[in-house]
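Trainee: Sequence:
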Amino acid sequence: MTAATTVSEVRAYAAMCPGAALEPYRFSHRDLAATDIEIAITHCGICHSDWHLIQNDWGVSSYPLVPGHEIVGTIARLGAEITALRQGQRVGVGWLAGACMRCEQCRAGTENLCRQAQPTCVGRPGGYAAAVIVDGRFAASIPHQMPSEVAAPLLCAGITVFAPLRRRQLAPCSRVGIVGVGGLSHLAIQFAKGMGCAVTAFSETAGKAKDAAHLGADRFVWLGSEAELKAEASTSDFVLATPPVDLPWAAYLEVLKPDGRFCIVGAAPGDVRLPACALIGGQKSIGGSAVGSNAEIRAMLDFAVAHHLQRMVELYAMNDVNKALERLIRNQIRYRAVLVHHG
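Count the sequence shown with the working numbering and you get residues 80 to 422, in order.
Keep in mind that the hints are not guaranteed to be accurate.
[Said to hold, decoys possible] Each computed DMTMM-like pair below joins lysine to aspartate or glutamate, with the alpha-carbon atoms no more than 20 Å apart:
hint: 1; residue 1: K309; residue 2: E333
hint: 2; residue 1: K309; residue 2: E283
hint: 3; residue 1: K289; residue 2: E405
hint: 4; residue 1: K336; residue 2: D316
hint: 5; residue 1: K402; residue 2: E228
Bear in mind the hints are in silico, worked out from the structure with no lab data behind them.
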């Protein structure tokens, strides 16, 4: 297959400086490399990571910055070495748009851990645009039964919580605690329940108990009550922490059964401080998880179809991106926002 080298301007929305509102922006794509594809974007999820990049909270942003890394669309062009995909095929891409594909991690199928991994919207235009170029090996075919607005948030938020649950190889009836009922955790509850686990949702918002139950949680713990949290001591085999905030880490470690694991996926500020004896005494462990590999993303999409993942998505036209971002930072989205590109 060959790829055209003449590329028209791409319409997008970009932040021109740190913290700025997004505004219309045009850019020209580079030519395709042999393993690249160009995706004509139809949907792009909005993630808290996009907001951090707009603000340059992580010190890696460059401007103009086109955010967006939960992308679904159809293949418009293919590089010469792409044979497993076809023009017009519906595909999705998440946080990673490429990796070296030569290092130990890439050869082992854990491309998400590659030291040269290439984020989709860091140093290159992302998905708040009409089109994006990515390494075709990082594009996943979207199951035909799955609507694009449902698929988009799975490509970052979904894989962020699915991968650590799957890697833990939880047995049916394992007890899993999910900290938070929000953009990541509303998916984590459903995935854990689909794996046959007994799920406890922890939230600072008492009003989210009904949503947690609707999503499949067996129990709800309101964090406004210290007594409720203490009553959960030694009840969970695995606890997944999704909010990007500082937590009472030692208290959550007490929730674990002996030999349990606490996994952080929300990028909390500051340090995680724990007494060593809290880990040693119960032979407990704490760690993190970085999105997921290409194989894990494909497995997640199939799992979501098989288990009839519930849609909890708000849709916005691309030109309403600033309205959607404002609702995001006010914590008003229930539970993911997706931009729709109308051409």
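Trainee: Run every hint past the structure and note whether it holds.
Mentor: Comparing the hints with the structure gives:
The suggested pairing of K309 with E333 holds, with an alpha-carbon distance near 8 Å, which does not exceed 20 Å. Annotation: proposed proximity of K309 to E283 holds, straight-line Cα distance about 15 Å (limit 20 Å). For the proposed pair K289 and E405, the alpha carbon gap of about 25 Å is over 20 Å, so the pair is violated. A threshold of 20 Å between alpha carbons decides the hint, and for K336 with D316 the separation of about 6 Å falls inside it, so the pair holds.
The straight-line distance between the Cα atoms of K402 and E228 is roughly 18 Å, inside the 20 Å bound, and the hint therefore holds.
Consistency note: the structure conflicts with earlier hint 3 alone.
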